[in-house]
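Each chain, written out:
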Amino acid sequence: MFIRRRRIAPSLAWQFLSPPLAITLALATGYLFLTLQDLPAQAILLDFLISPLSDFYSLVEIIGKATPLLICALGLSICYRAKIWNIGAEGQFIAGALIGGAVALHLDDWPSWLSLPTICMAGIAAGSSWAGISAWLKVSFKANEVLTTIMLNYISLHLLAWSLSGPLKDPEGFNFPESALFADSVILPSILAEGYLSIGALIALLLTVLLFILNRYSILLFRFQLLGEDESSARFSGLSPKRLTLQAMAISGGLAGLAGIMEIAGPVGQLTMNVNFGFGYAAIIVAFLGRLKPMGMLFASLLMSITYLGAENVQIGFGIPRATTSIFQGALLLYLLATDFFINFEIRIARAQPE
Amino acid sequence: MIKKKYKYLLVLILIGYVAQSISQEPLKVAFLYQHPVNAGGWSLSHEQGRLDAENEFGDKIITIALEGIQPGPDTRRTLINLARENYELIFATSFGHMNSVMKVARSFPQISFQHASGYKTANNVGTYQIRAMQGRYLAGKIAGHMSTSKKIGYVASFPIPEVIRGINAFTLGAQAANPDVTIQAIWINSWMNAAKEREATELLINLGADVITHHTETPALMVAAEEAGVWAVGYQYDRSQFAPNSHLVTIEHNWGPIYNSIIRDKLEGNWKSESLWFGVDLDATRLVSISPKVPSSILSDIEEIRTQMANKTFNIFKGPIIDIEGKTRLGRDQTLKDEDLIGMEWFVKGVINAD
Amino acid sequence: MDIYLIEAMITAVIRSATPLLLLGLGIIISERAGILNLGQEGMLTCGAVASFLTMLATGSFPISILAAVAAGMILSSVFITPVLILHTNQVATGLALTILGLGIAALAGNPYAGETITAYQVISLPEFMSSPILRAILEHDPIVYLSWIIAIGVTFFLRSSSSSILIACGHAPRVATILGHNVIKIQALATLFGGAMAGLAGAYLALSFTPIWSESIGAGRGWIALALVVFASRQVGRLLLGAIIFGSTDILQLLLQAIGLSMSSHILAASPYLVTIAALVLLSRQNNLNPKLREPRSLGQPNI
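Residue numbers (numbering that gives the first Met the number 0), protein chains in the order written: chain G, 0 to 354; chain B, 0 to 354; chain E, 0 to 303.
Excised from the complex, chain G in its bound form (with noise of 0.2 Å):
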């Protein structure tokens, strides 16, 4: 009879074994599936994971993708540790890049070391606001967040759609949904001599040590944190649970607002349909990757970008389709989930137990 008991501390060994672990379980599924349909599974494998680590480029577009779900799953974090669960990440994104574009349109006249930074407020701005809008429906009427902030997401894809539709629409555009190219003086610039890798993956790092440092070092982040697990004591030690739901969405919101600002005036340098990318909900599986950590976000994001790349390399390649990758994705979030498991608890054999 095997059973479990928590364990004490929870385990340094097994908080480093369980992503490999995970991941091996995740291929050898994948192999097991591509072996079953008589398709070459080591070579699709090895396209898969390990060429895009291959070459510099691939590794430039590896980060370049994981900086929007990265600066997502940050403010996620704060949101979720405080048990406040915000899946309105992505209607965030948006508000931030419509807004912090609209901006970018109009200050394209502007000298690059203003424009840039008062887009990248406007974005932060916009993103915090929207999560606003949900974090105030809660404190006031009690309205679960869960339910706002998936309805918000719906709405501001409308509103993006309206905007491009209307005043943000490209006059030369031939009438199509978009907006203008952004000007160059509106684009971030990119920290490579050759290629482009938009200064947001160096702001993703800086953010990720900052909440590393915040979290290890300072009390200010701790009071979500006390809020999540236990909020009459959050209460009795002066906070006050409204005030700090605020905070935590608009710290959640600001940066998933910059998140989608600096995509839009970065790789992507236009305002489109298509701005999401599905980032929001993506940074949410991040988030919980990393045990809401930011260590573990970073190289959470890091991995989910390398299925992204290495699903599309394989399609090219071998023409597995893309519905793959999410098979994949999905696989490996529940492992790691499994895995992670053995942190806190060990599995004992028991033997007949006196009554």
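Take every hint as true, because none was put in to throw you off.
DSBU-like cross-link-like pairs, simulated, lysine-lysine; straight-line CA separation at most 35 Å:
1. G:K168 - B:K317
2. B:K271 - G:K168
3. G:K82 - E:K184
4. G:K168 - B:K348
5. E:K184 - G:K141
6. G:K168 - B:K326
7. B:K27 - B:K102
8. B:K102 - G:K168
9. B:K348 - B:K150
10. B:K150 - G:K168
11. B:K27 - B:K271
12. B:K336 - G:K168
13. B:K150 - B:K326
14. G:K292 - E:K184
15. G:K168 - B:K119
The hints are simulated quantities; they were obtained by calculation from the structure and are not laboratory data.
Using the hints, position chains B and E against chain G.
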């Protein structure tokens, strides 16, 4: 010392060998689709074109089809991957791919890019499109004859020029058959949403339409029309299987001739950047599966007009034409140039709910 | 506005609300038991593809429906097993399920996306019920009737004493365990029911509503249903109301377009979501006063 004549022979053999291997090197052609192939008519029609090209050129070309390529950085990455794999002719079939194509094309001047339904070109970027409005006009005339309630429904996606052109051409054709016909349009703001298409179709039928057509991807409209017993006009690829009794006609996209023409140019070294817009003259747009219930007098009338279109003696948009606000857009015998058609954003009188 | 149009609207609204109702019923039961399953969209799409493929293969509606229900239940067991045995985070596991489910459905179904099946036929009511309005409300295909029967069943179940164990699992699983109930089994069964409902909703979409298959057939209904259950405070009556509100604003915005209202189609398209939020805000006052309507205290928490 090898005798001179043998040296010449050797050189000739070498040249022959090299020439043979060069000419045997198949041309690598890539096709990018935004949506999964089977799900929608647009990508499916392109896929059919690709298969036609494979049939035509055999082992002179190697083709690859990639589906699910979303506009933005994903497209850019895919294009770069393909370029590095020596795909020398790349067809990007979705409007959203246009900007990425323009960006990537700059770095790969020796690769020829073709973009469907867009308007930007470069030295190595050409565009190609079908004059579907010709097919629309012809189908519209049939619909106008067959409609008894004089109300025709149009389930439309986005109010972009391509869709607007189609609606206008269809309306003009219907009005040529019967000046009292009105076209009622519902915009579902999506290319592919089967449930919405169905709801819109049912609504239009309930508002009195007895012929329905669409500019969306799924066959949901056909099924709904079949159930309600009203005529349905399909678009993009033969939809008759979805509505055995109600299928009036489909305006089919036939990309084969266009692809063959472009690939042939590239194989023979004659490729240059052009804005190709093929119509009934190349059979690029054609009416298929016309219902047997359509009287032969109408069919011969349609055939007559079709021949005139191919000879360029018939112009769909020939004045006098008034728009829905009553403004005269075209005076007597005035016609529209291609540039006006590409950016068309007004509706002819008789279209209800133009938004 | 003639009577014919109103009838057509009523029918359309009921049809549009049915998948939301089915999904919602499943979510209500599993949430009452304390399980938050965010994998609705994945289970929904898998149910749709299972029923569609089965229909293509067998041509039998009942078997296809069973296939869909089975698909939903299998997927929900993939969710509940790690949750109950390994205490994995429910939100994350549910999301993983959504991704997995959507991927599996797309992989299995895309090759057949161009196929057709005959739609589930509406059952005609006997002649004496000739009132058109009554016809509009009551004449539907079997799955819609099934959804009503299940809704009534769930309502009675929740009012009966046997449901108190379920509710206890959601509020205080420790206490339920001490009292001798097998909380794990109850939560598992509740989740499987949720999966079955999601599968059934998928079957409705694929067999009756559209009836074609495409990988985006769900169109976000899984998420909307989750939101509607929150709106409904996990009560069946309110869920029905929410589903109808959502369904009617959806149809209404198409109608307003068609009759030429000059409001932008985008704003109209956003109206169902705005209306749902507004309705929630108005209703939430009552929620806070009535303890029965509060969220199960242990919703989403692992029972360790």
